[in-house]
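Peer 1: For reference, the chains in residue letters:
Protein chains: 4
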Amino acid sequence: VRARELGIAPGVLPTGEKNDITDVAGVRVGHVTLIEGNDIRTGATAILPHDGNLYQSPVPAAVFVGNGYGKLAGISQIAELGEIETPIVLTNTLSVDRAMSAIIDWTLDQPGNERVRSVNAVVGETNDSGLNNIRKRVLTPDMIREAITSASTGPVQEGAVGAGTGTIAFGWKGGIGSSSRHLPENLGGHTIGVLVQSNFGGILQVDGAPVGERLGQYYLKDEVASDKADGSIMIVIATDAPLSSRNLERLSKRAIAGLARTGASMTNGSGDYVVAFSTYRQTDPAAAQTENDNMSPLFQATIEATEEAIYNSLFMAETVDGFDVSTQSPRRVEALPLDKVKEITGAN
Amino acid sequence: VRARELGIAPGVLPTGEKNDITDVAGVRVGHVTLIEGNDIRTGATAILPHDGNLYQSPVPAAVFVGNGYGKLAGISQIAELGEIETPIVLTNTLSVDRAMSAIIDWTLDQPGNERVRSVNAVVGETNDSGLNNIRKRVLTPDMIREAITSASTGPVQEGAVGAGTGTIAFGWKGGIGSSSRHLPENLGGHTIGVLVQSNFGGILQVDGAPVGERLGQYYLKDEVASDKADGSIMIVIATDAPLSSRNLERLSKRAIAGLARTGASMTNGSGDYVVAFSTYRQTDPAAAQTENDNMSPLFQATIEATEEAIYNSLFMAETVDGFDVSTQSPRRVEALPLDKVKEITGAN
Amino acid sequence: VRARELGIAPGVLPTGEKNDITDVAGVRVGHVTLIEGNDIRTGATAILPHDGNLYQSPVPAAVFVGNGYGKLAGISQIAELGEIETPIVLTNTLSVDRAMSAIIDWTLDQPGNERVRSVNAVVGETNDSGLNNIRKRVLTPDMIREAITSASTGPVQEGAVGAGTGTIAFGWKGGIGSSSRHLPENLGGHTIGVLVQSNFGGILQVDGAPVGERLGQYYLKDEVASDKADGSIMIVIATDAPLSSRNLERLSKRAIAGLARTGASMTNGSGDYVVAFSTYRQTDPAAAQTENDNMSPLFQATIEATEEAIYNSLFMAETVDGFDVSTQSPRRVEALPLDKVKEITGAN
Amino acid sequence: VRARELGIAPGVLPTGEKNDITDVAGVRVGHVTLIEGNDIRTGATAILPHDGNLYQSPVPAAVFVGNGYGKLAGISQIAELGEIETPIVLTNTLSVDRAMSAIIDWTLDQPGNERVRSVNAVVGETNDSGLNNIRKRVLTPDMIREAITSASTGPVQEGAVGAGTGTIAFGWKGGIGSSSRHLPENLGGHTIGVLVQSNFGGILQVDGAPVGERLGQYYLKDEVASDKADGSIMIVIATDAPLSSRNLERLSKRAIAGLARTGASMTNGSGDYVVAFSTYRQTDPAAAQTENDNMSPLFQATIEATEEAIYNSLFMAETVDGFDVSTQSPRRVEALPLDKVKEITGAN
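Protein chains in written order, with my numbering: chain A, 1109 to 1456; chain B, 1109 to 1456; chain C, 1109 to 1456; chain D, 1109 to 1456.
There's no promise every hint is true.
As the list claims (entries may be wrong) - In silico SDA-like cross-links for lysine to any residue, where the CA-CA straight-line distance does not exceed 20 Å: (1) LYS1244/D <-> ASP1213/A; (2) LYS1244/A <-> PRO1219/D; (3) LYS1450/D <-> GLY1454/C; (4) LYS1448/B <-> ASP1250/B; (5) LYS1244/D <-> ASN1221/A; (6) LYS1244/C <-> ASP1213/B; (7) LYS1244/A <-> LYS1244/D; (8) LYS1244/B <-> LYS1244/C; (9) LYS1448/D <-> GLY1316/C; (10) LYS1450/C <-> THR1427/C; (11) LYS1450/B <-> GLY1454/A; (12) LYS1244/C <-> ARG1110/B; (13) LYS1244/A <-> PRO1318/D; (14) LYS1244/B <-> THR1427/C; (15) LYS1450/D <-> ILE1452/C; (16) LYS1244/B <-> GLY1316/C; (17) LYS1448/C <-> GLU1113/C; (18) LYS1244/B <-> ARG1225/C; (19) LYS1450/D <-> ALA1317/C; (20) LYS1244/B <-> GLN1436/C; (21) LYS1448/C <-> ALA1317/D; (22) LYS1244/A <-> LEU1216/D; (23) LYS1450/C <-> LEU1216/D; (24) LYS1244/D <-> TYR1163/A; (25) LYS1244/C <-> GLN1325/B; (26) LYS1244/D <-> THR1248/A; (27) LYS1244/A <-> ALA1317/D; (28) LYS1244/C <-> GLN1436/C; (29) LYS1244/C <-> GLN1218/B; (30) LYS1450/C <-> ALA1317/D; (31) LYS1244/D <-> ALA1317/A; (32) LYS1450/B <-> ARG1223/A; (33) LYS1244/B <-> ASP1250/C; (34) LYS1244/D <-> GLY1220/A; (35) LYS1448/B <-> ARG1110/B; (36) LYS1244/D <-> PRO1249/A; (37) LYS1244/B <-> ASP1217/C; (38) LYS1244/C <-> LYS1450/B; (39) LYS1244/C <-> GLY1220/B.
No wet-lab data here; the hints were simulated from the structure.
For clarity, every value in this text was computed on a predicted model and none was experimentally measured.
Excised from the complex, chain A in its bound form (with noise of 0.2 Å):
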């Protein structure tokens, strides 16, 4: 079940309809799953923000580095020219090359694109190798352009699905979750939507409720170096406001927030991420950007549909059985449960 039909609702805004980053018009979310033998547990996950030629019709757009330990591709021309011309795929670290190598190639092969010799692909990753045998680099171009192809308008499909297929977050089953707010009308009238992929460490807080403590899983339980709440976290952001750049980076660095918000402990070998485009100019080409002085509230979506996204890529994700190249072993990582998570957070 997804958090808030267990009574968790972080924040004060309300969701969009269907409470995920489709409810931002025109957004698209594909996955690709692959699960092989006892040691293969990946996949990808694209999400495209609109379904014109987007080489030709690029998104104003903007990245945050909330920690750098990750491959983020695309990330300097995003920050000179505020744009984003392709898909933005998520998957494994060691399948970076191979999601840019699908998305070059599938903006090459668009209608319009002919005479295309440039393409600033975007990719994020995390770091799946605790359930997947990321070493073996079986994900192809070819499956990571599924993703792509089969993105649809939504609801998207989460927990351990897609680029979430062998994510970890706080020691349980992470993987992928979405969220959204809409303002009201006099607070704007825009969508927030947040999509993120799961994997890092610390220690579990739900709407504020400690979860990992009471449930005695955390970074630093022990005080030794050992236990490690290393990895990572993408997180995407789409929004209809009418926002510059400079505007959306603001927004993206909000997503942190929501990020600290669940107990995240930002490590040094995490790779914390956000991308944030805005759909403006396919849903409302001739409106003014949005000034300063109105952007609190947005920064407010955001925060909350980020925590909101990160609940729901733990409780969405069922228990997965797969392979620790760490230790060279089978490892399961169980699901949050959540019956105790309940309980803890007095939900009803």
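With chain A held as given, fit chains B, C and D onto it using these hints.
Peer 2: Relative to the frame of chain A, chains B, C and D by itself:
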């Protein structure tokens, strides 16, 4: 009372002896508080990294800007050289020039600085115009110099004092707060101390408990834009860990996670700044710099100490009557009702 | 004489009418020059983006830091909000506080600003202690205010005047210089104006000619560390092109290329800052923002105008006798010998 | 011939023995060049910081982005950790994915890396589609791996080779170029080596002489937007000076000054990137890090070596016949006419 006396103990790591920034050996803090008539409620707070000649023995340092609607002086030279060469002074928004004057004059006057021709004064601020007639600009460089010259090794005075005399947080009286964490020997044995000047808004959570929502006082409560959560926070981090300026910058980013956990909305109008420095050249000059791989416990300590320092700034502040510049009328800002907080958090 | 009168005409684009920053409509420049006794040679220069209420009508703006050994005030708020809300004042290193005081007080005093509670003063500086007894701190806020209130639409006074009264560049007398470029209509028809305060070292090239080497005066000439090239440059760029703050930041980066072409060594001790703003909201508020693809001619214009402004700062400066703080003795800094420059450059 | 053989010797500092990047002890360079039929003119160039296990012994490193219209892979992890853990590979814009594949596979295969689960491949590119049918994507990871495995300690092959096979600079044939500077003992005695992949436009100056204008071939010559100066440059800096990542970042900024002196227009479409690393942990692991105050000669050396490396990339390149993707037709790009350059520069 301080948060911990009410049983509020964020995180999992032990505090330092005094549980404030002066637990980092050599660090000194001084306040000057200015209360005049019905409308002046302001002051300044100085943090001195060590008691030697700061200009001749600068400390490794870094700054992180959470949201840059603020006037932090000294920022680009700290980034370029990775050092701070003066006291750090916090004050109100329209007194940054005066605090710079105080720092420049004090530095030129120190024995050994007779040929000094350049001083990079570091001054942070938040806007206390909700209780202080800030436009009168009554703080003088001489007054602010008192904060520097009176600085001592603690314990730190908290609440409505110094630069926190007129500040407001989450709609209640904010101010100066401090906290520390001392890492066990197997995690390095170092100390992290944090001092904050709290003056921001959002939806207050106390160690996860929804205090703001329960007390009916929070950002966007009535979903109207007039309900401003603007404001700012200055966060100063001291440590004796032998950190490079790059790792101090990473450390300073983590303070924002502590801020986020208190429910900050990080609005457009907020100036959220973190200044971090290390005293290791004074206490252990031959120490090898901490490696990236050993940073995570220091990050966790920073998150925890920042969160607790913010609670202390609220818990230690008393109700203040002053003058609201925006309405040009008297205003009372209540202290956080600790009995109710205790009830809501279930602390005992 | 100005560089162009000697046939020095860097680049390929035409200048504006006056060939200075006031070719950008509405931009005003004012100086205050302070010469006292044998040891005070300093001043301040104010640049006002337009003659309306700057606080109520801020201009899109950006800052780029070439080398950050400097004290530029206002930097983080410009980055966050993409705007400047005050005059820009240049002065000496130890008078930044005084210039902030002048800007704050002047802003609070403007009609319409009666409720203003926050002012982000923008102050740049270079260190004139080679000719000026900077430690005396004799410039007052009232004097600096004169630079603001006396600002006019040009032509700009250049050389040893205002903030350039005591500066030194490449071992000769530097100071204030300005230049502009006006793009042909098919490249947008916009104007770029640049003003510099030159106070740095290196190996002077004039439009490519090795003036520094030929005259035997340059950085590392004797390959000894004592031959310091330290110093700084403040560069202010104005344009009427309708640029976003992101593209203004990109524009400001190009000024460093103009600086490089003069032979600057960009040493450790240099504070090389660029502040760029656009006046389009005043002159053409309905203009669509310039697209990335149309930025290149503006970049070229910026490089050329910066290079020429630096030459003007040298060519227009006369020999000055003052006081060197580092040696505590009188010092004469010669004007650049223009006859020899003419010979070396082979101009006309 | 190389620039210096024609008497072109930018700057005032002496070169290293070979006057290329391999003057920095341990640094190795390898090329793979791919010429097929009438339309394939491309390749890859690998720079290896040392001959040990790069993943287990990463080098301090930094990146500076001059203009970010490019796809440099690896950027955020270098910024976060201050290190490079792989070879640096340069190639064409649409082969970054393939170069990443090569680096990842090669790294996983190195002895001692059997448990490695994360690889931050560093790949730079410029767009050779003016001479190379880039859309065919014929370079394979296996070919690129040859550049890595064949790398040697010099001298570096320059001109139309490796990643420079199909590049164009200032309208003439560009390519790979390299140069170095060796500081005298009293300035530290360290070596700076630079390697460039030149593929950009502007108005060529050679050691100050207006070669582009005299030969009538330059950006904005006809003041029409169609006269594109787009393109890019990748600059790699190696040094044995014991620099922190912060000072390596400062060093990398100075390369842009060298670039500027050649007349680069730094247009919108340019991807101008600098990657800098230090080998001191291999050559002098106990060395104390260079202090800020001693950086200036290294900065000057970087400016000079970058300028000369660019000249070498042009001077060593021969005329190439290839295929222009934008016009879909054959294209010849001439080598720079060195006899005329000699005449214009007055070199003898």
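Peer 1: State for each hint whether it applies.
Peer 2: Here's how the hints hold up against the structure:
no. : hint                    : in the structure
1   : LYS1244/D <-> ASP1213/A : holds (10 Å)
2   : LYS1244/A <-> PRO1219/D : holds (17 Å)
3   : LYS1450/D <-> GLY1454/C : holds (18 Å)
4   : LYS1448/B <-> ASP1250/B : violated (41 Å)
5   : LYS1244/D <-> ASN1221/A : holds (14 Å)
6   : LYS1244/C <-> ASP1213/B : holds (10 Å)
7   : LYS1244/A <-> LYS1244/D : violated (27 Å)
8   : LYS1244/B <-> LYS1244/C : violated (27 Å)
9   : LYS1448/D <-> GLY1316/C : holds (17 Å)
10  : LYS1450/C <-> THR1427/C : holds (18 Å)
11  : LYS1450/B <-> GLY1454/A : holds (18 Å)
12  : LYS1244/C <-> ARG1110/B : violated (46 Å)
13  : LYS1244/A <-> PRO1318/D : violated (55 Å)
14  : LYS1244/B <-> THR1427/C : violated (44 Å)
15  : LYS1450/D <-> ILE1452/C : holds (19 Å)
16  : LYS1244/B <-> GLY1316/C : violated (54 Å)
17  : LYS1448/C <-> GLU1113/C : holds (15 Å)
18  : LYS1244/B <-> ARG1225/C : holds (10 Å)
19  : LYS1450/D <-> ALA1317/C : holds (16 Å)
20  : LYS1244/B <-> GLN1436/C : violated (40 Å)
21  : LYS1448/C <-> ALA1317/D : holds (18 Å)
22  : LYS1244/A <-> LEU1216/D : holds (10 Å)
23  : LYS1450/C <-> LEU1216/D : violated (62 Å)
24  : LYS1244/D <-> TYR1163/A : holds (19 Å)
25  : LYS1244/C <-> GLN1325/B : violated (51 Å)
26  : LYS1244/D <-> THR1248/A : holds (19 Å)
27  : LYS1244/A <-> ALA1317/D : violated (55 Å)
28  : LYS1244/C <-> GLN1436/C : holds (13 Å)
29  : LYS1244/C <-> GLN1218/B : holds (15 Å)
30  : LYS1450/C <-> ALA1317/D : holds (16 Å)
31  : LYS1244/D <-> ALA1317/A : violated (55 Å)
32  : LYS1450/B <-> ARG1223/A : violated (67 Å)
33  : LYS1244/B <-> ASP1250/C : holds (17 Å)
34  : LYS1244/D <-> GLY1220/A : holds (17 Å)
35  : LYS1448/B <-> ARG1110/B : holds (15 Å)
36  : LYS1244/D <-> PRO1249/A : holds (16 Å)
37  : LYS1244/B <-> ASP1217/C : holds (12 Å)
38  : LYS1244/C <-> LYS1450/B : violated (56 Å)
39  : LYS1244/C <-> GLY1220/B : holds (17 Å)
Comparing the model with each numbered hint stated earlier shows that hints 4, 7, 8, 12, 13, 14, 16, 20, 23, 25, 27, 31, 32 and 38 do not hold.
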